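Enquirer: As a plain string of letters, each chain reads:
2 protein chains.
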Amino acid sequence: MTAYKNIETTTFGPHLIFDAYGCPYKTLSNMELCFGILSDLADLAGMKKMTEPYVIKATSNEFMGGKDPGGFSGFVIIQESHISIHTFAKRGFATVDLYSCKNFEPESAVEYLKKTLQPRDVDVIKLDRGLKYPKQNIYK
Amino acid sequence: MTAYKNIETTTFGPHLIFDAYGCPYKTLSNMELCFGILSDLADLAGMKKMTEPYVIKATSNEFMGGKDPGGFSGFVIIQESHISIHTFAKRGFATVDLYSCKNFEPESAVEYLKKTLQPRDVDVIKLDRGLKYPKQNIYK
Numbered sequence: 001m002t003a004y005k006n007i008e009t010t011t012f013g014p015h016l017i018f019d020a021y022g023c024p025y026k027t028l029s030n031m032e033l034c035f036g037i038l039s040d041l042a043d044l045a046g047m048k049k050m051t052e053p054y055v056i057k058a059t060s061n062e063f064m065g066g067k068d069p070g071g072f073s074g075f076v077i078i079q080e081s082h083i084s085i086h087t088f089a090k091r092g093f094a095t096v097d098l099y100s101c102k103n104f105e106p107e108s109a110v111e112y113l114k115k116t117l118q119p120r121d122v123d124v125i126k127l128d129r130g131l132k133y134p135k136q137n138i139y140k
Numbered sequence: 001m002t003a004y005k006n007i008e009t010t011t012f013g014p015h016l017i018f019d020a021y022g023c024p025y026k027t028l029s030n031m032e033l034c035f036g037i038l039s040d041l042a043d044l045a046g047m048k049k050m051t052e053p054y055v056i057k058a059t060s061n062e063f064m065g066g067k068d069p070g071g072f073s074g075f076v077i078i079q080e081s082h083i084s085i086h087t088f089a090k091r092g093f094a095t096v097d098l099y100s101c102k103n104f105e106p107e108s109a110v111e112y113l114k115k116t117l118q119p120r121d122v123d124v125i126k127l128d129r130g131l132k133y134p135k136q137n138i139y140k
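Quick note, the sequences are listed as chains A and B, same order.
Going by the working numbering, the first residue of the first sequence is number 1, and it counts up by one from there.
Going by the working numbering, the first residue of the second sequence is number 1, and it counts up by one from there.
These aren't lab readings, by the way, just hints derived from the structure by calculation.
All clues given are correct.
Computed list of lysine-lysine pairs in DSSO-like fashion (alpha-carbon distance at most 27 Å, straight line):
1. A:140 x B:57
2. B:57 x A:132
3. B:114 x B:26
4. B:26 x A:132
5. A:57 x B:49
6. A:126 x B:102
7. B:48 x B:115
8. A:140 x B:115
9. A:126 x B:126
10. B:26 x A:140
11. A:48 x B:57
12. A:140 x B:114
Small disclaimer: the values here were computed from a predicted structure and weren't measured.
Can you build the whole structure from these sequences, using the hints too?
Expert: Shown next, in the form of structure tokens:
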């Protein structure tokens with residue numbers, strides 16, 4: 001192994017964090033829409049899906065003091081990263097992650113998500129992940 | 001709908017972001033270990049798995065200028081949130097997300113991940129997600 005401290009590094013990739021409040025009930029209770037968002041975001045970020053998106057309905061009420069509103073949870077593995085969504089229709093809340101090893105335009109993804117989820121308010125964070133990702137393989 | 005501005009809000013939950021550098025090749029090239037991390041972290045955070053963890057091997061070399069080292073990508077949906085891992089054995093890099101609607105001890109998760117992945121260096125961020133999550137349902 002090359003001594004870790006002597007290797008050239010780069011950034012692994014961007015991670016867009018998107019939380020949406022006050023989305024319409026009708027929008028968030030649409031399972032197919034969740035599937036579509038996962039698929040569209042992959043295309044929008046120019047990433048290849050390694051699998052088809054996977055969406056489940058979570059109806060458990062065991063947590064949050066029995067006040068869990070339930071919702072949809074979905075996920076798609078794209079090349080070496082992922083996109084996820086969790087929706088809670090009764091709370092008007094959706095939370096999305098778009099983590100990619102390839103640069104993409106966060107603005108386009110945010111615009112798409114706002115148009116699709118129709119929130120009244122959003123929180124958006126863009127992180128750079130893997131700040132010390134090696135430019136080359138460190139093992140043969 | 002209750003006017004969104006008049007509703008009581010809380011925080012949806014913590015999101016632990018963990019990037020690990022200089023992990024041993026043998027550790028990161030162990031698919032079962034990736035599966036185990038997803039399972040263990042759910043238990044450690046006291047979260048119920050909605051599905052079994054799902055891990056795939058990504059061998060595509062189409063991106064990063066054909067220098068993609070490939071790796072494992074895994075994911076498990078826990079109650080209304082998720083845990084993910086992506087490993088790149090040849091680069092010694094692993095990137096983990098633990099996003100939960102339930103409070104957990106990030107320190108325990110970080111300690112577990114350090115012990116399991118044996119990195120030389122890490123970046124750790126803890127975010128609070130869903131800062132305006134409604135305390136009650138806003139739709140009936």
